[in-house]
Amino acid sequence: MSNKKTFFEPIIHNNPVTIQILGICSALAVTTQLKPSLVMGIAVTVIIAMSSLIVSLIRSFIPKKIRIIVEMTIIATMVILVDQILRAYMFDVSKQLSVFVGLIITNCIVLGRLEGFALINKPIPSILDGIGNGIGYSLILVVVGAGREILGAGTLMGYSVIPQSLYNAGYENNGLMVLAPGAFILLGLIVWLQRAVTGHYEEE
Amino acid sequence: MRNSNLYTFIFISIVTIICAGLLSSAAFYLKDKQQTNVEVDRKKNILKAVKLLENNKMSQQEILDLYNQNIENYVVNNLGEIINLPEGILVEDIDPEKEDTKPESDRLFPVYVKKSRTVVLAYCIPILGKGLWSTMYGYLALEPDLNTILGITFYKQAETPGLGSEVEAENFQNKFIGKQIWDDEDNLVSVKILKLEPSPNSPNIMYEVAGISGATKTSDGVMNLLLKDLTKYETYFRNLRKELVQKEEI
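Taken in sequence, the protein lines are chains P and A. Numbering of the first sequence is given in the numbering used here, commencing with residue -1 and proceeding in unit increments. Numbering of the second sequence is given in the numbering used here, commencing with residue 1430 and proceeding in unit increments.
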């Protein structure tokens, strides 16, 4: 597979969230607003890319028997590192993301990419695959986050986007969008839309 | 060789040591910055409780300036006397959580006051206690009559996202504004948190607010911690209230 394909495939055609339906838990939890979604997307991208690179570099030294443990150790280290940096430089966002930064450790996309790709590929394709999957994940988070913030709170990045005249005309923010079901509905619509366009279907 | 137990053992030891080293150095170098963030966040919440925070977009320096210009602080003991702290220790350094573990006579209780020249405009005390999953930390501000609630904030909690975590939401906190903590016979009653909106005809409506639906345990936690922490300051507040009455009589 060419590097270009490795990088672009997970963004749309093999998107980890909408095609493989991985990482749903965090996609629902942090997407009430655009800003935390964006930060979460960046954090996950950095973590997948870094862990993929490291695992790929040491792949021929990792004993088969303990490879999952080694992968988890590397992921956990990266996650805690990112968490510490967020706490130091983006305190408000880290408060908002709270436990979900730590829970990136359990995001199946990360372990899935290490097991399925980095362990058997060279460093450059591995890092591209990591970044591609991270961007694919972030893309969905950003779309869901923006949708939920606009429909649920009438704002985007904290700024009002829905004109006051619309509220005066009787428009109301949709409270359901702020809760988890709102994320489910939006995510479901995106999955449906994508499959309708690309014609992808689950293999029996 | 790759499959030998010794190799596995050596390999995982090296990985662990490198990871541990990386994390400890990160924790070491970022510690100061993180602590400053936590301190500024606390001061920001004191300002929020006493209604001085105009918006959420203030820079750290603006928050510190606003705090230094308007807030004075001191500590009282369990007899309600103001205590001088040993030099080098700030009121902000007093950790209410640690004080709770000391014997009662040694405990110190921080008080933050919002002042304009010599006139006290608000009293603010730290509050903390268990909710459903976590300890919740916040501040309670009272008007100068030491009876009416001016504001309440929570700045750290790990309650259920979307349910209990609503204690951080403004529409829950705003329900407390204007409620009272002393009844007509001068008993400390604190605020009761009900499951439903208090009925407008209730004789106790001044002391009642509605809890968060779907988060009864968290709401009960808030109710308990308010009573617990107000009781700590009861003697001090009683003394102040007596002074207020005497002033009025003069």
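You may find that some hints are simply not true.
What the hints assert, rightly or not - Here are some of the chain P residues that sit facing chain A, going by a computed Cβ distance under 8 Å: (1) 2; (2) 5; (3) 64; (4) 67; (5) 68; (6) 70; (7) 71; (8) 75; (9) 78; (10) 83; (11) 85; (12) 86; (13) 144.
Derived by calculation from the structure, the hints in this document are not laboratory data. Quick caveat: nothing in here was measured; it's all calculated off a predicted structure. The beta-carbon is built from N, C-alpha and C at its ideal position, and this holds for glycine as well.
Here is how each hint holds up against the structure:
1. Taking 8 Å as the C-beta cut-off, the interface hint given for residue 2 of chain P is violated, the closest approach to chain A being about 32 Å.
2. The beta carbon of residue 5 of chain P comes no nearer than 27 Å to any beta carbon in chain A, farther than 8 Å, and the hint placing it at the interface is violated.
3. The interface hint given for residue 64 of chain P is met, as the beta carbon of that residue sits about 6 Å from the closest beta carbon of chain A, less than 8 Å.
4. Annotation: residue 67 of chain P was flagged as interfacial toward chain A, and the flag holds, the nearest CB pair being 7 Å apart, inside 8 Å.
5. The criterion of a C-beta within 8 Å of any C-beta in chain A is met by residue 68 of chain P, whose closest approach is roughly 6 Å, and the hint holds.
6. A least Cβ separation of about 11 Å between residue 70 of chain P and chain A goes past the 8 Å threshold, and the interface hint is therefore violated.
7. Nearest Cβ of chain A to the Cβ of residue 71 of chain P: about 6 Å, under the 8 Å cut. The hint holds.
8. Of the supplied interface hints, the one on residue 75 of chain P holds, with its beta-carbon coming within about 4 Å of a beta-carbon of chain A, less than 8 Å.
9. Taking 8 Å as the C-beta contact cut-off toward chain A, the hint placing residue 78 of chain P at the interface holds, the least distance being around 6 Å.
10. Below 8 Å, beta-carbon pairs count as interface contacts, and residue 83 of chain P has one with chain A at about 7 Å; its hint therefore holds.
11. Because the closest C-beta pair between residue 85 of chain P and chain A is about 5 Å apart, less than 8 Å, the hint holds.
12. A cut of 8 Å between beta carbons decides the hint on residue 86 of chain P: the least distance to chain A is about 4 Å, and the hint holds.
13. Against a cut-off of 8 Å between C-beta atoms, the interface hint on residue 144 of chain P is violated, since the closest Cβ of chain A lies about 19 Å away.
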